[in-house]
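Novice: Assemble chain B onto chain A, guided by the hints.
The residues making up each chain are set out below.
There are 2 protein chains.
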Amino acid sequence: MTMTKWVYSFGNGRAEGRADMKNLLGGKGANLAEMSNIGINVPAGFTITTEVCTHYYANDRSYPDELARQVKEALASVEAIMRCQFGDAENPLLVSVRSGARASMPGMMDTVLNLGLNDQTVQGLIKRSGDARFAYDSYRRFIQMYSDVVLGVEHYHFDHLLEILKEDRGLTLDTELSADDWKVMVERFKARVLEETGTPFPEDPEEQLWGAIGAVFRSWMNQRAITYRKLHHIPEEWGTAVSVQAMVFGNMGDDCATGVCFSRDPSTGENVFYGEYLVNAQGEDVVAGIRTPQQISLAGKTKNKSTLPAMEEVMPDLYRELVSIRDTLEAHYRDMQDMEFTIQGGRLWMLQTRVGKRTAAAALRIAVEMAQEGVITANEAVLRVDPEALNQLLHPTLDPKAERIVLTRGLPASPGAASGRVVFSASTAEDWVQNGEKVVLVRTETSPEDIGGMHVSQGILTTRGGMTSHAAVVARGMGTPCVAGAGEIRVHEADRVFTVRGTTVREGDLITLDGATGEVMLGAVPTVQPELTGDFGTLMGWADDRRTMKVRANAETPEDAETARRFGCEGIGLCRTEHMFFDPRRIIAMRRMILAEDETGRRAALADLLPYQRKDFIDLFTIMTGLPVTIRLLDPPLHEFLPHTDNEIAEVAQVAGVDVGTVRDRAAKLAENNPMLGHRGCRLGVTYPEIYEMQARAIFEAAVHVGRESGNAPVPEIMIPLVCTKRELDLMKAAVDNVAQAVFAETGTTLDYTVGTMIELPRAALQAGSIAESARFFSFGTNDLTQTTLGISRDDAAAFLETYQAKGIFKRDPFATLDADGVGELVRLAAERGRATRPDLKLGICGEHGGDPDSIAFCQGAGLDYVSCSPYRVPIARLAAAQAALRAGTA
Amino acid sequence: MTMTKWVYSFGNGRAEGRADMKNLLGGKGANLAEMSNIGINVPAGFTITTEVCTHYYANDRSYPDELARQVKEALASVEAIMRCQFGDAENPLLVSVRSGARASMPGMMDTVLNLGLNDQTVQGLIKRSGDARFAYDSYRRFIQMYSDVVLGVEHYHFDHLLEILKEDRGLTLDTELSADDWKVMVERFKARVLEETGTPFPEDPEEQLWGAIGAVFRSWMNQRAITYRKLHHIPEEWGTAVSVQAMVFGNMGDDCATGVCFSRDPSTGENVFYGEYLVNAQGEDVVAGIRTPQQISLAGKTKNKSTLPAMEEVMPDLYRELVSIRDTLEAHYRDMQDMEFTIQGGRLWMLQTRVGKRTAAAALRIAVEMAQEGVITANEAVLRVDPEALNQLLHPTLDPKAERIVLTRGLPASPGAASGRVVFSASTAEDWVQNGEKVVLVRTETSPEDIGGMHVSQGILTTRGGMTSHAAVVARGMGTPCVAGAGEIRVHEADRVFTVRGTTVREGDLITLDGATGEVMLGAVPTVQPELTGDFGTLMGWADDRRTMKVRANAETPEDAETARRFGCEGIGLCRTEHMFFDPRRIIAMRRMILAEDETGRRAALADLLPYQRKDFIDLFTIMTGLPVTIRLLDPPLHEFLPHTDNEIAEVAQVAGVDVGTVRDRAAKLAENNPMLGHRGCRLGVTYPEIYEMQARAIFEAAVHVGRESGNAPVPEIMIPLVCTKRELDLMKAAVDNVAQAVFAETGTTLDYTVGTMIELPRAALQAGSIAESARFFSFGTNDLTQTTLGISRDDAAAFLETYQAKGIFKRDPFATLDADGVGELVRLAAERGRATRPDLKLGICGEHGGDPDSIAFCQGAGLDYVSCSPYRVPIARLAAAQAALRAGTA
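Residue numbers (the UniProt record's numbering), protein chains in the order written: chain A, 1 to 891; chain B, 1 to 891.
Hints are computed from structural coordinates only; laboratory data are not their basis. A portion of the hints provided could be inaccurate.
If several chains are the same, the list does not tell them apart, and a pair holds so long as it fits within one copy or across any two.
[To be verified] As a list, the in silico DSS-like pairs of lysine-lysine whose alpha-carbon atoms are at most 25 Å apart:
| no. | residue 1 | residue 2 |
| --- | --- | --- |
| 1 | Lys127 | Lys183 |
| 2 | Lys72 | Lys5 |
| 3 | Lys166 | Lys183 |
| 4 | Lys190 | Lys669 |
| 5 | Lys190 | Lys127 |
| 6 | Lys669 | Lys438 |
| 7 | Lys669 | Lys807 |
| 8 | Lys811 | Lys733 |
| 9 | Lys733 | Lys615 |
Bound-form chain A, shown alone (with noise of 0.2 Å):
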C-alpha cells in the first residue's frame, strides 16, 4: 500500500511538484515549484495539497493522518535549505501560510505572514536583523493578522489599542513610533486577544502554523470566496491548497524591497517590462495601494509621468536579474507573466509567478504578437483569447471630438469609457442598479467586500493604489473600465460628495471615466465606434480561417444589420418581424386587424401594413446583399400589441372605428394565463392565415424588386416559429409557397427561397425526423426551448434563479449558457433525427445562446452549421467558434 502524499517541498533549485500539477497544488504552489525547479531563486517552502482541502471538507474538518508527518518532514528540509529553525531563539525560522487555488482568486482568501514569532523568535530576529523596531514591529503584524484570521478577533480591536497608544505618545504616524512603543503594543495585542477569545495568543510555533493552515481552508468557504467563485464559475469541489514558504522581507532596511512586475503591459500588452516596487516596504503594501509605488523602468517611470526613481535607477543589478527572470519565465510558460519579487539585504527571491491578468486590448496584443514572434502558434493565439473579453472592444468609447469637463486624471487602471451616477459604496452600487441605474462605483480605495459592487458597475474609481491595487486587477479582470488612484479627489463618504479642484459632486451625479487616459470627467461623454483593424483584424483573420461554424447576426433594424455586418456576420439568422410593427404609424395599422370582427377587416389592415413591411425587407436584403436572411414569420401574442393607457386606448379606438368598450373587451378576451405558451407563434398562421400572407408577400415582393435592382437576387429562408408538429409547418408552407407564386405570376419573376422551422419546443425536437421532412433548415430557439424544456419563465425566474445558483442546482444561469444536459439533449436528438431524414437540412441557433463562447462551443459538438446572436457579439462568435473547432479538432 502506498502513502498519499499531501505534501510537496520545493526550495534550493528543486522541488518535488511542477507546474502542471495546479489541480493538485494550486496555481501558486506548481509555479513555485516550477521556478524551483528551473533554479531560479524562491524562499523554500512546501504545499499542502487541494486533495486536504477535499478530505477536510469531506471529513467534518479533519485532516488525513499521515499530514503531520509529512508537514513535520517538509518543514525540516525548509529549515535545512534556509539554515534557521522553526521556534528558534536564535535563528529562526519564519513562514508565510498561503492559499492558492487552481485558479488565481486575487485577495479572496486569508493570508498569514510572520509566523514563527513570539517572545522568544522575536528576540532571534531582532539578532539577525539587527533592527528591534522592525522585529517588533513584524511581531505585533504577526499578531494582529493571525488574530483576525485564525482566532476571528477583528481588526478594530488593534486599532483601536494602536490610536490609544498615539494619543498617548502625542504622535501621528506609525512610524513615528519606536522599538519599545511597539513591544508594548505587542503586549496590549496579546491581552485583548485573552479578553477576547478567553485564551492566550499561541505561543507555540507549532501551533500557529496549524491554526493558519486550518483558517485558510477555513477561508475556502467564506463568503468572498463563494462569490467570487460565483461571478467566474470555478467549482467548490476543487478546494484550495496551502502553500508554507520561509519569510523573507522586503522591509528590513533600504537594501531591501518588494514588488510586482508583468512581463509586458498587461494594459496595452506592449512588449515592454512593466512593475511597480517599494524600497523597505512588505508585498502587502504595494498590492494594498497604500503607498504609491514607483515605477521599475526608466521607461515606465517616463511614461507614467512618475517623479520617484525607478529600480533600474536605484538598484541597476538587481533590475538586470530581474530582467533575466522575465525573459525566462516568459520563455518557460510562453505567456506573459504576474510576478512578485523580494529584495532582502541585496538578494533576490521571486515569490510568485503566474500567468498575468490583463485587458481585452492587451491579451489580444500578446496573443498576436507572440504568434508573430514565434513563441506560439496562431493556433494557441487563437486559443489565447477569451471571447468574452472582446466585449471589452467592440463597444463604443468616448467621442474625440466631444467635449470633456476633466475634473482630475488617475492612472488608467482599466481601458475603456463608462458613465454612470456616483455611488459611494458597493451596496448602493448594487442597490441602484437594481432599479435600472448605471453606475460608478466611487472608493477610496476597493477591498474584496466590494465584489459584488464592482461587478455591477460601468466603472470605478479610486483615489488610492496604483496598476496592481485592488481596484484595477479586479477591474481589468472584469472587463470594467477603471481610473485609479486619482488622489487630488477627496471622498466624504458620510456627507455622499466628492470634492476635486472646487468641484462637488453628489451621490446620483453623472460622471465619466475613460479607462485608457485615467481621465475624470463631468456628465456623460458621447461615444464613437472602436477599431475593427490592426491586432483585433489580424486575430479574427486566424479565427476565421479556422471555425468550421458559419456567424449570423439577430437583426431587424437597418441599423443593427448594418452593425452586424460591420462585424463580420455572414447573414441574418433571425430577423424578428414583429418588431417592424412597433413603430407608431405601423401599431395603428396592427391594431385595426386585431380589432376587426373577420378576414375582411383583417385583410384590410393588414394591406396597410404591406407597404412597411416590403421596405423592411428592402432595407435588409440591400444591407445584406448576398448573405442569406432568415426572417421569422410573426411571433408574440397579439395582446402585445394592444394599447395599456387611456390614451392610447382612445385613439385605437377611433381610427379602428369602434368603441373603447370594444377595445377594452377585446384586450380582456386576448389576454393570457401563461403568452409564453399562448396564441402565438405559428398558432396565429393557422387561426389567421392571411397574417402569414401578408408578410409572405412582403418578403417575396421586396426580394423581387432588391434583386431587380442588385442584379443579385436575395435568397429569404422563411422560418415558421413554434411549430411542434409537421402538419403545422405543411399548412404554413402551403400559405408561404401559394404567396410566392402569385407574386412570381405578378412580377414575372421567379427566385429561390427556402422554408424551416424554428426547433423550440420539445416536441417539435422529438419529432424533428418528421417535421424535417417538409422543412430545409431549423434553427433553435434555446431561448423558448430552455423555457419549456425546464418549464422556468425567465421572466419570472429572478424570484429563484439566484438562490438556485447559490444552493448549486444550477451551475451557470441557463438562460446565459446552454443547459447542455437537458435542452443540450433535445438539440443533439433534433440534429441527429432531422439529418437522418434530410442529410443537407441545414442546422443553426438565434437563441442567446448562440452568442455565448460554452454554448458555441456545444452547438459545435452538435454538428450545426452556424450560430446567430446579437451584432454587438458577432465577433465574440467567430472567436469562440474557432477555439470549439481547434478544441474539438475540426479546424
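Specialist: Quick look at chain B alone, frame taken from chain A:
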C-alpha cells in the same frame, strides 16, 4: 397484371364480399354480403369499395378507369337475380344508393332511393304494383331526393310546389292526393329542376346512377359528416363505400311493412327480441319518427303499453321467420344485432344488419350474459364494453325518495338522469354551454344537423319519434339521457316555450329527464349514488383479474377518497396538499405565511397550519388503510393564495398586522407573467424549505398517529413536484428525511416511507436516469408535461385548439388523450432511463390522462405500474387497464 377489383356483388345466397371486409366494403356492404352468404334473403346488389372513395379524392374527384365496366357487370348480375331490367319500361329494376363507412355514421351521409324511375319506367312500376298512386308518389319522392342530394336543388322548392297544389285542390294531407295529383307534381318538380339548374332532370337511369354514386362520395366531405367524424374520432382517410341494391317496397300495400329490430333490448340489454315496424311504409318512415311505430312482439307491446297491434299478431308467420333470422344473425355475429327489414307482398327481405348500439347498462348486461351463455369468452366480454360508456353508470341517478313534479312521460330512449335549462335549438345549446350553463335540448324531433347541440346537452327531449328515432339512437350512442316521443308536449319554437297539460315552460327554466322511465319533471330533482353490484360487479371482477396495472385515485378530501375507495381504487396516486389550504380558517394562516417578512414569521404561520394539515392526513390515511397514499408537497405559486377583493385584502392585512398597501405590494411582487412556468413546485421548497418541512411533519405525525390507532401504519409516498434536476430532489429529500428522523425521535416510533418525484418537465424526463438515483418512484404529471412539451397553456388553448383539431393538426385533444408521439416519447424514455438506474422504480401517471382509456393503453405499453385518475373514473380505468393488458397479451 391483375386488375383491381372495385365492385363486389351479393344476392341469391352468394356474395363476393364477407363480414370481415368492412374496411373495403363499409359496414353495410360487408354485412349485406355476409347475410347473403349465410342464406338470408337480401335484395341483390353490389358495393363499390372505399378504395374508390380514396381514389376519387386523391385524383381530383375522378373514378378509376375500370370502375364503369365493373359496375355494368354487377348491375347485370342484379338484373339476373331480381329478374328485371334497369331502365326497362315493362319490368324496371329500381335501386337504392347508400353510403356505408367502416364505422356506422347514422344519418350523416346521403342516400337516394327509387333510382331508375323515369317517365317510361314509372309505367312498368304501375304495371308491377298495380298502383299508379304509389308509383307516381315514388317517382316524385325520387325526383325530390335526387334533386336535393345530387343536383343541389333544396327540399323547400318542392315542398312549396306541393303546398300550392294542395291549396289549389283545397286539401291538407299528402294522403289525400290522387295518382293524377302526384303525376302533376312530377311534371312541376321536373320543371322546377330545369329552372333552377338550367338542365332537364336526367331521364337516363345510368346517368341517374352515376350521379347518385358521386353524390354519396361527395357526402363524405359534407359538414355533418366532418363533425360526426371529429366527435367519434373517425379518420377522414377511411372513406365510404357505396352500396347499390335492388329496391324492395314496404309501402306497396297492407301486405307490405318495414321495421327495425334489435336481437336484445338495446336500452337494458335484456335478452328479448325488440323492435318496431310500420305497415305500408318505407324504412325511412320508421327511423325518421314521423309515424309512431308499432311493436314487433306481444311482449314489447305489453311492456311499452302500446295500443297498436304487434307484428306477432298481424303477421305471425313472418314474425317467426324474423325471430329465426334474429337467432341466426346473433349466433353468427356473436353480438347483439341491429337489423332493418322490409316486407314486400308478404315476402321478408333483410336490408341491413350491424352490431347494435346500446346503452352502457345494456352493453354490460349483454357482455356478461353472452359470456355466461357461452356465446363469447370472459376475455371477449371484458373487451366488449367501452370503458368510457361506464361513465353513464357511475354517476348519480334520481333520488327515488325526492319529490318529483312530473310534467309528462315519453319513451325511455336513453337512460340516466339529466337536469338543465331548457333550450329549443342546437345552436342555443352550444352557446349556452359555452357560457357555462347546463342545458336540456327540447325538439319536436332531431335531425343530423343538431348533432353539435346534442353533444353538449345534459339531456335530450323530443315530442315525436320512437325508440329507434334519430334522437334516441344518437343519445344512446353518446350516453346522454333521452326521453323521446313525449307527445303531450307542444313546442312553440318561435315563442321559446313549450306547453304541457296547462303548464308553460320557458327557455332557461330548469327541467329534469329520467331516461330510464321517460319522465319529464319540472326543476332539478336530487340524485343518489349508483349501485355497483350485479353485472357491473361481475364484469369489473373479470377486468380486475386480467389487468396488470394498478388503479389509484387523485383525491385529497375525505369525500373524494371515500368515493374512490367505493369505486375500487388501490390507493391514492395524487393527494394535492394545496387543496387543503383553501378552507377559510386556513387560508388566513397561509396568507400570513406569504406576507411574513422573514423565515421566523413564515414558521409562525406554518405552525398554525400544521394541526389542520395533520388532521387532513389522519383522515386520508384512515380511509385508505392498507393502501399506499402519494402526497404531493405544495405545488402552486404562492400568489394563488392571496386575496383579490378589497374586503379580503383588508381582512388579511388586519390578521397579518400589516397595512393594506403591504398586502397589495406583496401580491404585485408575487404576480407572474407565466405562472405555469414560475415560482412553484419544488422551487417553493428550495426557497422556503420551512413550508415543505411543515408538510412533512404533518405527514409523519399523522402516519405515526394512524399507525398507533389502527395497528396498520400507512406507508406515505412523499412526492416532490416540478423537479428538473437531481439536486432539487436531493435537497428536498434531505429536508423530508430530517423531519422524519425528528418525528421518529420525538414519538419513539419509526415507519416506512418513500420519497419520489413528479416527472412533469421535459428536462426531468430526459434526466430520469440521474433523478432515479434519488427517487424511489416517478409519477408522470402529464398535464404539465403536455403543456411544456407542446408549449401550450391549457388555460389559453381554447383560442386555437378547435382550429387545430379542425385542420387535422391534433387528431385528439392532447389534454384529453396523451400525445403518444411527443409527450409519450418522453414518458417512455423516462421510464427506460429511470428503470435502468433503479430496476424497482415504481412508475405511475397522475395527469388526467390516467383516466382516459387510450392513454391507459399507452401506459400499459410504457410499462407503468399504475394509473391514477379522478374518483369517478376509477372503474373506467380498471376496465381500460384490463383491455390494455388483454390487447397487449400480458393479461
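Novice: With 25 Å as the alpha-carbon cut-off, assign the pair Lys733 and Lys615 to within, between, both or neither.
Specialist: within (23 Å within a copy, 58 Å between copies)
Novice: With 25 Å as the alpha-carbon cut-off, assign the pair Lys166 and Lys183 to within, between, both or neither.
Specialist: Answer is within: at 14 Å inside a copy they meet the 25 Å cutoff, but 135 Å across does not.
Novice: For Lys669 and Lys438, with the copy left unspecified, which applies at a CA distance of at most 25 Å: within, between, both, or neither?
Specialist: Between copies only: 23 Å across, 38 Å inside.
Novice: With 25 Å as the alpha-carbon cut-off, assign the pair Lys669 and Lys807 to within, between, both or neither.
Specialist: For Lys669 and Lys807, the Cα distance is within 25 Å only across copies (23 Å; inside one copy 41 Å).
Novice: Which holds for Lys190 with Lys669 at a C-alpha limit of 25 Å: within a copy, between copies, both or neither?
Specialist: neither (76 Å within a copy, 52 Å between copies)
Novice: State whether the alpha carbon distance between Lys127 and Lys183 is at most 25 Å within one copy, between copies, both, or neither.
Specialist: within (15 Å within a copy, 144 Å between copies)
Novice: Treating 25 Å as the Cα threshold, decide for Lys72 and Lys5: within, between, both or neither.
Specialist: So Lys72 and Lys5 pass the 25 Å test inside one copy only (13 Å; across, 99 Å).
Novice: Should Lys811 paired with Lys733 be assigned to within, between, both, or neither, using CA atoms and 25 Å as the limit?
Specialist: For Lys811 and Lys733, the Cα distance is within 25 Å only across copies (20 Å; inside one copy 40 Å).
Novice: Given identical chains, is Lys190 near Lys127, meaning Cα to Cα at most 25 Å, within a copy, between copies, both, or neither?
Specialist: Close inside one copy (23 Å), not across copies (136 Å); limit 25 Å.
Of the hints listed earlier, the one the structure fails to meet is number 4.
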